[in-house]
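If you read the protein sequences in the order shown, they are chains A and B.
Per my numbering, the very first residue in the first sequence carries number 1; after that it's consecutive.
Per my numbering, the very first residue in the second sequence carries number 1; after that it's consecutive.
Hints are computed from structural coordinates only; laboratory data are not their basis.
Each residue gets a CB set at the ideal place from its N, CA and C atoms; glycine is no exception.
Any given hint could turn out to be false.
Stretches of chain A that chain B covers, calculated by requiring three or more beta carbons in the stretch to come under 8 Å of a beta carbon on chain B [what the hints assert, rightly or not]:
| no. | region |
| --- | --- |
| 1 | 95-108 |
| 2 | 177-188 |
| 3 | 477-490 |
| 4 | 641-649 |
Number of protein chains: 2
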Amino acid sequence: MSARVSLPPRVLPPAALAQIVDTIKTLAIDAVQAANSGHPGMPMGAAVMGSVLWGQFLVHDPQAPLWPDRDRFVLSAGHGSMLLYALLHLSGYDLPLAELQRFRQWGSKTPGHPEHGHTVGVEVTTGPLGTGFAAGVGMALAERFLAATYNRPGLEIVDHCTYAIVSDGDLMEGVAAEAASLAGHLGLGKLIYLYDDNHISIDGPTDLSFSEDVAARFAAYGWQVERVDGHDAAAVAGALARARAASDRPSLICCRTVIAHGSPGKAGSSASHGAPLGEAEVAATKRALGWPEDAKFLVPEAVRAVFAEQQLGQRERRLAWEAHFAAYRQAHPELAAQFLAHLEGLVPAEILAKIPSFPPGGAMATRKAGGKVLAALVAAHPTLVGGSADLAGSNGVEMAVASQSRAQPGGRAIHFGVREHGMAAVCNGLALHGGVRVFDATFLVFSDFMRGALRLSALMQLPVVHVFTHDSFWVGEDGPTHQPIEQLMSLRLIPGLHVVRPADARETAGAWRHAMQRGPGDGPTAILLTRQDLPVMPESRESIEVGAYVLWQPKGVAVVDLDGVLVATGSEVATALEAARTLEKAHGRRVRVVSMPCWEAFLAQPASYRDEVLPPALTRRLSVEAGTTFGWSRFAAHQHGLDHYGASAPGKLLAEKFGFTPAAVVARWLELP
Amino acid sequence: MSARVSLPPRVLPPAALAQIVDTIKTLAIDAVQAANSGHPGMPMGAAVMGSVLWGQFLVHDPQAPLWPDRDRFVLSAGHGSMLLYALLHLSGYDLPLAELQRFRQWGSKTPGHPEHGHTVGVEVTTGPLGTGFAAGVGMALAERFLAATYNRPGLEIVDHCTYAIVSDGDLMEGVAAEAASLAGHLGLGKLIYLYDDNHISIDGPTDLSFSEDVAARFAAYGWQVERVDGHDAAAVAGALARARAASDRPSLICCRTVIAHGSPGKAGSSASHGAPLGEAEVAATKRALGWPEDAKFLVPEAVRAVFAEQQLGQRERRLAWEAHFAAYRQAHPELAAQFLAHLEGLVPAEILAKIPSFPPGGAMATRKAGGKVLAALVAAHPTLVGGSADLAGSNGVEMAVASQSRAQPGGRAIHFGVREHGMAAVCNGLALHGGVRVFDATFLVFSDFMRGALRLSALMQLPVVHVFTHDSFWVGEDGPTHQPIEQLMSLRLIPGLHVVRPADARETAGAWRHAMQRGPGDGPTAILLTRQDLPVMPESRESIEVGAYVLWQPKGVAVVDLDGVLVATGSEVATALEAARTLEKAHGRRVRVVSMPCWEAFLAQPASYRDEVLPPALTRRLSVEAGTTFGWSRFAAHQHGLDHYGASAPGKLLAEKFGFTPAAVVARWLELP
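Please build the complete structure, drawing on both the sequences and the hints.
Put into structure tokens, the structure is as follows:
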């Protein structure tokens, strides 16, 4: 058992705890009523769980919200945001009562669902159910990995728990099921979830659709499971203590609760899930709780006093850790420096310098080149972790390091299993925890399965790297279910996600460099790689920061004398280049070839640079990309792509059939108006 | 117990069964070797399961592959396609040996993964793991619903089982977990899955990532679970018989198998998962099996004879059903006619005629209008089934019919729970089964969670209707996690999916009519609806078949005298209309307003019509849509949209902040070059 969890929980007198519970309930109903919008039922039903956890167990310091060894708390049932806002406010985070009074209003710190990066103390953006559950798994995994990597005997600088409150809806979602199975497999002992088992979802009682034995399911995943009365503070506290003692597996505490507990008219009813109680019922609730009926947003002085005292204790704990860390730094100065550096989330220049160069000549699949880059980064970066959804070999992301497991908690190669959505959501949690850099990998076509979590990585601006290989019909024989058509463009649609499709091994090095240069606040990067070999071109670049550049054009030809521009990405760049050369030699047509590995980076360049690459006067432009043409009209009046599903046959033959040969591009160019 | 499952299984002599098993194994390794690509290990390991199921249990008639009362078989582990192709060939489907010899080749009937609609007898396209599992749940649900709806005492015209072979990978996927929980909840007794528990996935042994107790998990879902030796034919047959007898819950038979069973050098190894065995190992395998070493694609005469005899028996069963159905038709002529009509999957004109009209005037949220249309369709169409992922009220899809449940198997309102991906995949299965028309519903932003199954519905051209409400930032207070930005466009990217975003109640009627007119082979339709009220416009149309049309322009103005075109969809049409009126009145600018509810339908119109709506000469065009501008350059040189995430605040205020008011559109127009 770690030092942290062997500490006894703080103890609050029952009366004090009860007053905290009522404060949370009334803050929640007042805020929802003021907004005339929101979800009062969940915060009321979960107020005891929240109060016991935050009042007696959670170790954090509201004055140092980024203290690395704080416990993490995830409100996976993000619609119950007022529970979290009330707890943050009471605990002393920079979230004044005025913000609670502006719940769900423009510019407030209290949006409808918790938003990481927007409100201090919110560890993860939640709302899409199941994804918070999975993010918590990633946080706990990061903690265990960092503990295994950095802790030294007697100097345990990483030692904290990850807690969550999860709902019926969370547990119905497949992404949570995937993450739960993985967490059980890995035996994440410091992952502790309280399940708000209130038997109510939006459409009514959960038994309309959900009658499985949740406890038995989680036991089957390898979790420790308990059932308690979620309104019995002592029972919840006892279960939390036992969960902390179970160090070899995650814990689920099924808390039977009543939604809108305390509301005389709406307790237990789905009507309280997503709508204000109404003024009359708010008043009736306050009466029933023995609360001043006319008071709004009332925090009794006694409650303030409890939390003020608690803040002192929390601060002491944090300062004790600081002292502990100082001792660690003295004993292990290099490790300490490394730990702090990677907490920032930025990749040091000396690690970026290890990205290999690829001399022109020969041919190499970009997935293979990506594997070589990754190998170099893994060797240089001690907290780069990641893996694949059971396609590590195919994705080229097999790593020459230990696999992550119970036995090897310091292992950096994560076997996510065939769980794409869970993988991406767990990676969000790893990135949110900090101290590590994270990547995941699968086939591009299966990015569809991950889209919920991809969007959240972009919304939270997390620097996760998503490696997607087998990026076109060139997959070949596996057929249309495995051949991406629309995925490339659909990733480009996600605001904040950078999508890089390198043309060869050299641009692949650039893609990884670009991805690793993006830090927290910049957002995720998707790197799209080929299964098939591509020529390594002398014309290509090893930096893709400009997003697009002139790869080639006939020598000594002024822009005004050019016939037009071929704009291509990835595997189509070499095809376009060969087509342009043929157009010059065989047809006297002088065509510029632009390689555009990253739209987002290109669009961020100054207009002058963009006009240099794609001169406005050159209106005869043809995009060439082995995917949907949709969206390319932005850059090229004419498009050469694939607007239908693929077929099962060898990739080379498909290239003939689908028109992705130099000859086909030449023919298309010659037909342009 | 139903009549069907009380029939004893056919019995094959063990020696005959063993020869079938070896035939399947050798056909699989020969085909993969010939293609030099594919997955030999799974068909070898699952050959006993496949032989017992198809040889002794499956009721179907290869000469009448669409016989409605056939058992359904799903190969959820689609990469083992050669197992299915071998079984189809041997059983007598129109899949000659020559096609097996062209496995994975251009134009063959034997693509890398099974494709429904491409190869006769393939009930569902599989490959993306977990989705076949979920589709089977939909098929079994369709069967039970139709049985409850149409069967009459002594005249059971619907009475068949749904079988599947599922893999480790299937069971790791969240979509399968969602569907499994739902199947257990609903107690689908005629759903019987064989789990190919071979302990091997692509990256190696499954215990790298998957150590849960699968049997206990499925028991927790409410399934009957057994464990057997998957290479022991008698054990598999016994378990199948017991599974058929369990009429109150689905069954999972965990068959412990060895991947590439029979290969002396590669059995039990992940090397056999996704690569040919190699010529030498193929030969060694044949030697070990006592098979002629030089023979390729050998089907012994004795095996042919077994299946020839079986075909006679299957035909007899089918003919018995035909006679049974004739009796049914005599007793219940109207029901019989209805049953047959809905099997076609086309919605009769008299039902379409029931779609209500919405007189202009007033305001109504399109989700509300959609609910009214749905109510009319539900009243008129006896096998229209569907529901929501726990948002029925919010989506406007509450139905005045019984809920689907164990107790009410004829219930048409399906409560899918908070399981978006499972919902869409189950709907695919409902549509694949036939006899029903299907819709599902959730918030537009959560379409991201369903994308894997959405793509499959489009790839299989299934007429599923996907209702997505809360289709823009107008969601309001729920904030960015609930406000779609890129989803609208990302749905348009999926080939074959029609995306309709109606401008008001009138176009909403048109959207539903359009969706219901699409039948099998046409593909799915997504209908995007608002949370907020929209004016019901006299200018809008109740048919949207042309995809886009001129909604309004200043009276008596020739095209050449127009200032340009505002192209809008959904909630932005009324905004654009008001802007255009202001532009005329206040600024003397004559602007046409085009409503474009469905890009796909518009692009299918003749060029002459498209040029009429968007005259090429009118190059000053501005698109107005409350979502990403990405892609709009196809129709409009200028775009007014939302290329960043939303915010939590009342929708009306967000419209001001984000520029979605008539005044903002007017200002934008006046700024156009």
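Quiz item: Taking a Cβ-to-Cβ distance below 8 Å as contact, does the region 641-649 of chain A have at least three residues touching chain B?
Solution: holds (count 6)
Quiz item: Count the residues of the region 177-188 of chain A with a beta-carbon closer than 8 Å to any beta-carbon of chain B: does the count reach three?
Solution: Satisfied; 6 residues make the cut.
Exercise. Check, residue by residue, whether the region 477-490 of chain A contains three or more positions whose beta-carbon lies closer than 8 Å to a beta-carbon of chain B, and give the verdict.
Key: holds (count 10)
Exercise. Can you take a look at whether the region 95-108 of chain A is actually covered by chain B? Rule is 3+ residues, C-beta closer than 8 Å.
Key: holds (count 5)
Going through the hint list in order, the structure satisfies each hint without exception.
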